[in-house]
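Student: One-letter residues, chain by chain:
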Amino acid sequence: MTKYDDIDILLVEDSDTDAEMTIRALRRSNFLNRLYWVRDGVEALDFIMCRGEFSERDPQQMPKVLLLDLKMPRLSGIEVLRELKSQPETRAIPVVVMTSSNQDRDIAECYRLGVNSYVTKPVQFASFSEAIANIGMYWLMVNEAQR
Amino acid sequence: MNGTASPAALPEREIELLDGLTYAVSHDLRAPIRAVVGYAAVFDEEYGVQLDDEGRRLLSIISREAKRTMAMVDALLEFSGVARQALLAEALDMTAMVREVALELAPGNVEVFTIEPLPEAHGDRALIRRVWSALIANALQATSGRPTPRIRVWATEEPGRVVYHTLDNGIGFDMKYRDQLFAVFQKLHHDRDFPGLGIGLAAVKQIVGRHDGEVWAEGRLDAGATFSFALPTGRAM
Chain A
0 MTKYDDIDIL LVEDSDTDAE MTIRALRRSN FLNRLYWVRD GVEALDFIMC RGEFSERDPQ
60 QMPKVLLLDL KMPRLSGIEV LRELKSQPET RAIPVVVMTS SNQDRDIAEC YRLGVNSYVT
120 KPVQFASFSE AIANIGMYWL MVNEAQR
Chain B
0 MNGTASPAAL PEREIELLDG LTYAVSHDLR APIRAVVGYA AVFDEEYGVQ LDDEGRRLLS
60 IISREAKRTM AMVDALLEFS GVARQALLAE ALDMTAMVRE VALELAPGNV EVFTIEPLPE
120 AHGDRALIRR VWSALIANAL QATSGRPTPR IRVWATEEPG RVVYHTLDNG IGFDMKYRDQ
180 LFAVFQKLHH DRDFPGLGIG LAAVKQIVGR HDGEVWAEGR LDAGATFSFA LPTGRAM
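Going down the list, the sequences are from chains A and B. Going by numbering that gives the first Met the number 0, the first residue of the first sequence is number 0, and it counts up by one from there. Going by numbering that gives the first Met the number 0, the first residue of the second sequence is number 0, and it counts up by one from there.
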């Protein structure tokens, strides 16, 4: 097993400050679980598909949820979502999109592509709980408390 | 535009370009402002106890002003949203809508209002409701320092259109600045007298314009104001 296995939350976020704030918010709400942070869509797909840097990762172990930023260099969140939801092996991974604003033009497109839920940045406890509840993963909230 | 002086209309494609720019700028501006708000909060949480009163005061100003900037950016985003979204026109019971908005904005204060029966309008429910919300919030604000605030809402029918009016006995405004009333982030009163971002009336103008209507205001400094908007009748949009 590598350090990339047994991951609960895969955070896909290019901004250092947004990522730090998100990780803080999740930690404060005991949501942190096992989180791995990648910085763009290419890295996210490499992680999921066990390619490149992540070729040693166990393909049987998928993250329990993907927390996905939309606007990123190289490959955007929309493209990641499109790719994941079009493949039978990855379609079932719950994806929560993080948008910069609820006026975001991409939200409708995300739903069309099959996103499971979305949260608005800054990611806060209440909105993240709701998103997690939406995808039926209540246990993600209590994981930390049980240890 | 009915008779009022207005700059030459921009071609559709330039409006689209401007709208796209507003959207992109406000969208991308949110990220750094979010970081300032977030890191100021974390700083306060982790080092707040080590600061003296002056240090905490300075930090709270950073935080407050960053939040205000965020609110302005959000307002701009919403504003650019009005220009983009498709209108869902339907018959609107304006009397009921105004009562609802009045009750919502001044739940303990409905005796301030005199709402006359208003002719039905044809328009987008959510957007026209925002027009009433902005006008009534504005009137409430303008009368907030008055011993007996009064707000009257009525309508007049003209050939081809209905004009809806909101009169208040509040602080009013100087007619020489009336062109500024409906501009984005433009305010005729200081923050301490009239808090708010200065975007409500700009949104009113934009929404009424999208319904092929017109909006204007009349008032006198310290002697109340009347805001009026006209919506065309008798044709499908």
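Rather than coming from a laboratory, the hints here were simulated on the basis of the structure. Built from N, CA and C at the ideal position, the CB exists for glycine as well. It cannot be assumed that every hint is accurate.
Pairwise CB distance ranges, derived in the manner of DEER restraints [as the list claims (entries may be wrong)]:
1) A:S28 to B:L102: 34 to 44 angstroms
2) A:R27 to B:G54: 18 to 28 angstroms
3) B:D211 to A:Q60: 53 to 63 angstroms
4) A:R104 to B:L87: 13 to 23 angstroms
5) B:L102 to A:S128: 54 to 64 angstroms
6) A:E108 to B:P146: 37 to 47 angstroms
7) B:H189 to A:A91: 34 to 44 angstroms
8) A:R90 to B:E103: 35 to 45 angstroms
9) B:R55 to A:E129: 53 to 63 angstroms
10) B:G19 to A:I134: 50 to 60 angstroms
11) B:A95 to A:D5: 56 to 66 angstroms
12) A:R33 to B:L102: 46 to 56 angstroms
13) B:H188 to A:Q86: 55 to 65 angstroms
Student: Checked against the structure, which of the hints given earlier come out wrong?
Tutor: Violated hints (numbers, rising): 5, 6, 7, 9 and 10; every other hint is consistent with the structure.
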